[in-house]
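All chains should be modelled from the sequences, with the hints used to inform the complete structure.
Chain residues, written in single-letter form:
Protein chains: 2
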Amino acid sequence: MIDPAVLEELVAALPGRVSTTATDLAQYSRDQGPVLRETLPVAVVRARSVEDVQILLQWATRHDVPVVSRGAGSGVSGGAHATTGCVVLSLELMDRIVEISPDDEIAVVEPGVVNADLNAAVAQHGLMYAPDPASYRWSTIGGNVATNAGGLRCAKYGVTRDSVLALDVVLADGTLVSTGHRTFKGVAGYDLTALMTGSEGTLGVIVGITVRLRYLPQAVHTLAAFFDDFPQAAAGVLAIGRARVQPSILELLDGRTLEALDGAHGSDLRRRGGSLLLVQTDGYGAGAEADAIRGALIGLGAVISEEGSEEAERLIDLRRHSRGDEVDDLYRVGEDVAVPKSQLVPYVAALEDMARRHGVKLKVVAHAGDGNLHPTFWVERSEGPQAQERLESALDESVQRALDLGGTITGEHGVGQYKRRWLAWEQSPEVLDLQARLKQVFDPSNILNPGKAIVS
Amino acid sequence: MIDPAVLEELVAALPGRVSTTATDLAQYSRDQGPVLRETLPVAVVRARSVEDVQILLQWATRHDVPVVSRGAGSGVSGGAHATTGCVVLSLELMDRIVEISPDDEIAVVEPGVVNADLNAAVAQHGLMYAPDPASYRWSTIGGNVATNAGGLRCAKYGVTRDSVLALDVVLADGTLVSTGHRTFKGVAGYDLTALMTGSEGTLGVIVGITVRLRYLPQAVHTLAAFFDDFPQAAAGVLAIGRARVQPSILELLDGRTLEALDGAHGSDLRRRGGSLLLVQTDGYGAGAEADAIRGALIGLGAVISEEGSEEAERLIDLRRHSRGDEVDDLYRVGEDVAVPKSQLVPYVAALEDMARRHGVKLKVVAHAGDGNLHPTFWVERSEGPQAQERLESALDESVQRALDLGGTITGEHGVGQYKRRWLAWEQSPEVLDLQARLKQVFDPSNILNPGKAIVS
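Note that the protein sequences, when read in sequence, are chains L and Z.
With the first letter of the first sequence counted as 1, position 114 gets the number 119 in this note's numbering; the numbers rise by one all the way through.
With the first letter of the second sequence counted as 1, position 379 gets the number 384 in this note's numbering; the numbers rise by one all the way through.
It is worth saying that the hints were derived from the structure and are not from the lab.
Treat the hints with care, since some could be wrong.
Because identical chains cannot be distinguished in the list, a pair is counted as satisfied if it fits within a single copy or across any two copies.
Calculated cross-link-like contacts (lysine to any residue; reagent style SDA-like; alpha-carbon spacing at most 20 Å) [claimed, not checked]:
no.	residue 1	residue 2
1	Lys366	Asp438
2	Lys161	Thr89
3	Lys366	Asp122
4	Lys366	Arg395
5	Lys161	Gly131
Next comes the structure, spelled out in structure tokens:
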């Protein structure tokens, strides 16, 4: 436990910012990822300014106290889980949109700005912030940057890294540095902005973000294509690619996901098909692209929704929410592997085989446009620890298979705490060592989110 | 000078790869950037394999010999200039396209593959490699990655970093590591791929590159809009932005650039206008986007080329070549600053004022879609050292002004050797120090392209 005098020093240095109530400690102890070992922080700091963050980190360095920073806690890999003896730094109150420059097509935000709020603010200028993780209604830009969040529109617009131009970062010792530039292009020195993006709070605390905005599309077309089964729908993904049409959204849902959506929302999706491909095109070519996609899917047996139907839009919205109600735990784990696009069908066939062999349930959704799959494996809690072991075996096998096919253990959720056990399966000892040494450069005392993101 | 026995050891270890002929030493002593001090390498190694590179670097580490790696030597910042006592490592013979996967939409190449050759090879699959530096006909993918090269199409498709998925890198001690993934998305560990991209050979030698390919556009429309003067043309850039239409190419050429093109190619561009805006749209919406752009430019006094005219295409090609014939020296320096888009007009007005005050000549082209300007300042060689000093003063002032407007010293060419004197104007001592310490992690003996890219 922390020395009460040390904590008192923090309270005195940051009046009104520090909480040690049981409610706060519990609430800020975790994100949406599976919890391996329940751990409470020693305090929660709700920063209101860059100076608050600097004061906290100077204190943490002085007393060697770990700091776990977080935005909304919407992550699903345990990257914001409390670790032993840590202070949780919440940036949710630093939620000012500092600047929107419609002509420069950039915005400057504090880390606690909610993704959807930024999008609402820039929409009146005909602009959008493209990265759209499913949690966009409540996740923060700071958290999105810390995890290099993906989303539905990445297929066309790229991931968070591709929209981040500059960062203000408080280093472990409290020093404030600025990386990057306000311009779209810039190659002065090493790309520290990209290095910070996705580093999950282990290299510094992001306190300011300059993002590139994109143009709100002039038109949007959405298609819902129902197929008999998953392999046929996945063949549709390849057919769209072979037609060389770039959708903005290309989501693949399997039959069990349709069942789950029906159960939660009273829809009748599963009755209409064994697998659903949701496609959105946008921009001046949206109509022609939708036509080309329809053409590519003809002959594959798809039943495609009427052009302009509201249902397709509603389905995109359902898809965005398809994880929302399910907090992962040790009996239900949503994966985040990615494989090269051509491997979607063999990979999902392998997943189904694994689920059968290990006696676990499986449903799969995929950001099919970039090969990023979210298989969810689960067992009944009532089955106890043995079922949990079967689940773990299935998870391990699914991750190894993705790697065998040229994939990655995490497409967009981050390694956090939960996926660290797989990192060495993907990366060589030399690469793991390089990362550990980079971490040392930024955080020699290892106080920034220790035990996350990398293996050190 | 190098100990002959040490050099003999290298020749023996890499039979047939090492040259010390005067012709080779001279030819490989520099790239296209201004030469501050003529320096010859002690040897040139033309590697044919990853093993060759590893053997060279093991030898270099053993004997503490600097290694300057290069592709085609098309860089314009002196990043590949020889430094005292160095071996130049040419990767131009490692030019195999290892793999093209049309369904995965990726290619794997050796570093010496010429950008245009990769594009030709993937075009038959309906694909393209998007980054297109003006040197694309002869620059190599390895060099493009080392400098995080930009180009004309970045406005829509991003810079080199946005197309690089994975790298094979030989570290200073000869260790081979792989970073990144074959998938479009992936967030396992720190983004070492982005860190290597643009590091100009100072962190490792890139020996293998996996790139993401994009779809060859279904249609391309090109407009050439002549304006009376530069401010009007720059107003056109903002008008296109405000119409929220994303061109794939948006190039701005001033009157003196038109004069220079006329002189070199016998055209009559300058007679037709004082400034030229070249716009290309592509994809399914290309026609509608071109119409929208035409609409945005109406009323701004532009004379716009006929739809579908061959001339507009020819002008894009001329623009791509507009630097080709001019190797920079100490009497002619092409800059590479970028400013936020809204600052294009005030910045160019400031440049013209500087040119007048310092008594130097000026012409300006800009990748206007992302605010990246290439002003070229020059004086007559016959005017001697005093003119050179005036040139230097104008350059310094132009860089400082770009920074004052929120810009960067280099949008796409890299810091190399020539721009190091400005790096500390853009980046704080803390950021410079972080970079030096990152360099130490990768290259503790400082043998990889020392004296380039960062200030250490």
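Violated hints - listed by number, lowest first: 1, 2, 3
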